[in-house]
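Protein chains: 2
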Amino acid sequence: MIDYSERIAAIEQYLSKLDFPTEPKNLYDPIQYFLAIGGKRIRPLFTILSAELFNVSLNEALAGAAALELFHNFTLIHDDIMDKAPIRRGFPTVHEKWNPDIAILSGDVLMIHAFHELSVYPPNTFKKLSSMLNQTAIEVCIGQRMDMDFERIPSVNESDYIEMIRLKTSVLLGCACAFGGIMGGGNDTSINALYHFGEQLGIAFQIQDDILDAFGDAEKVGKQVGGDILFDKKTILYTTFQSMASESNKAEFFRLTNTSEQEKISGIKNLYKDTGVLEYCTKTQRRYHNNAMDFIAKVECPQSNYNLINLAEYIMNRSY
Amino acid sequence: MIDYSERIAAIEQYLSKLDFPTEPKNLYDPIQYFLAIGGKRIRPLFTILSAELFNVSLNEALAGAAALELFHNFTLIHDDIMDKAPIRRGFPTVHEKWNPDIAILSGDVLMIHAFHELSVYPPNTFKKLSSMLNQTAIEVCIGQRMDMDFERIPSVNESDYIEMIRLKTSVLLGCACAFGGIMGGGNDTSINALYHFGEQLGIAFQIQDDILDAFGDAEKVGKQVGGDILFDKKTILYTTFQSMASESNKAEFFRLTNTSEQEKISGIKNLYKDTGVLEYCTKTQRRYHNNAMDFIAKVECPQSNYNLINLAEYIMNRSY
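Residue numbers (the numbering used here), protein chains in the order written: chain X, 954 to 1273; chain V, 954 to 1273.
Heads up, a few of these hints could be off.
Capping the alpha-carbon separation at 30 Å, the derived lysine-lysine pairs in DSSO-like fashion look like this [what the hints assert, rightly or not]:
no. : chain 1 : residue 1 : chain 2 : residue 2
1   : V       : K1222     : X       : K970
2   : X       : K1050     : X       : K1187
3   : X       : K1081     : V       : K993
Not close to chain X: a few residues of chain V, all C-beta gaps over 12 Å, as computed [unchecked claim]:
no. : residue
4   : I955
5   : L988
6   : N1008
7   : P1045
8   : G1060
9   : N1087
10  : S1112
11  : D1170
12  : N1270
Source of the hints: derived by calculation from the structure; they are not laboratory data. All C-beta atoms, glycine included, are put in the ideal place defined by N, C-alpha and C.
Using the sequences and the accompanying hints, generate a full structural model.
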């Protein structure tokens, strides 16, 4: 594993020095708070590594990288209100620590600041980056809406589920990678390939997240395994089970939903294994991972993509 | 009064033909609904008239004009959630007709679409328009936060109040006018003068709104006069009274707050007249109006500003 700590430290420093106004406190304190409670800064790191393919310096890439991190944090603040989530990254969410009205408005202004970060780039680059972020931002909202709508319908098919995660989370990783290509003046084929590399990797990553929530190593996750099963979340495992399982498997699933926490989790995990659901989902995940690798190979750039592939492998190989 | 109906019809047609996705319905139906319930389209009209100063055609100006109308509608959808307002323009607000979660996300995506409208302009113009809207959007959020914070403090001084209305509403009118100058390739002095024309006019307009709520003609307003007094809203009249009134006037004001609706409204209106508050506020309003006229005179452009001044006079002379 390459050491990315210097680049991440540069992102952290850049974020901590953003010159947000200090007033009104009820607008900007929540933003400073939320940015300070962390996050893995995966998206800006992908932007920086993509930019490096075209010899773009860390300093030049930071504003665009930060734009994505700010945008991502805006989505979290608003999603947390809609999901009524009390905790994020181990800390109270903004609407919990302040109130929903404050979380709405601080989220709004944070999104505007995300776009504002791009203004350091010259007009042609600015327009390309803005258009890319704009299109992505619209898709992220559509994905969040689909996710919320899915909660209220009995079952979701696999392609709708994949489309939802593609829009809600993966396109932003695609945008992060494309940003590097745009900054570096890459040709359209390369920018497009970088975009799809990030997008397909994002889908693989999200599928893996669903799998690890049920089958990950509890010690490494640092939380109880099986939360998604316990709360009947419509994951890729659930979705696949609904389409693959026999009537008797479904009856057994239904019986398990009304048992103890422990029995429900281990019973449904066994069902997912015995019916081939786990294997199917693992294959699906690998397919998207392979797609990503096919796309990265198409990027025409002066520098080796070793660091970028290494980061992709690292986030895909975590067992937590 | 010039007839602006053709231009307004063009705005309406442009807005009705925006190619929003049709799905997800819970994301885009609220937007279509909200845009269809109307509004006076004042901001886009100012953009179009400002653009005409520089021979920019209606067709060329429409995307920028629409961006401002979309942005304005986004702020209304989110403000209505925060203000718990049930009705807007005589129709149920989005969070009432659907729910607050839907209103948050539809507002979010509407704001992104506002910025997206600007993408029809070439890179240099695009960057100037985006930066202007971006800066304005940040200020509008700050103004909305100040307004909400003011509700929770006992009194607000005049300059803080003016700064709040400048940010919450007037800068967007400034932005609307500056947009015309930017589209037309006006020089910095002219763009700046157009911005301040709109901004100062916006302040005058907002002060007039406060005055008319108490002293307007009930028939022309089409609603009960005195609503702001009844609900103890911190208007320019209230703010001025708090700083100008003697202790005995304040005691009388306090006594009136606990009387019948009718007595409260007419008693406080009399207090505002007798203590010179109404006269002072009317003068303040005229001062900002005059500032606006000074700024418009500084714009260097090939066409007469007659239409623009006419519109400004029209909106300032309404007695409702």
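Hints, verified against the model:
1. V:K1222 to X:K970: Not satisfied, since the Cα-Cα distance of roughly 50 Å exceeds 30 Å.
2. X:K1050 to X:K1187: Measuring from Cα to Cα gives roughly 29 Å; hence the hint holds.
3. X:K1081 to V:K993: 33 Å, violated
4. I955: 35 Å, holds
5. L988: At roughly 16 Å from the nearest Cβ of chain X, L988 of chain V sits farther out than 12 Å, so the non-interface label holds.
6. N1008: 23 Å, holds
7. P1045: Consistent with the label, P1045 of chain V stays out of reach of chain X, its closest Cβ about 19 Å off (over 12 Å).
8. G1060: Since the minimum Cβ distance to chain X is about 8 Å, G1060 of chain V lies within 12 Å and the statement is violated.
9. N1087: 5 Å, violated
10. S1112: 15 Å, holds
11. D1170: Check passes; 35 Å lies beyond 12 Å.
12. N1270: Nearest chain X Cβ is 34 Å from N1270 of chain V, so the label holds.
Hints 1, 3, 8, 9 from the list above are not met by this structure, while the remaining hints are.
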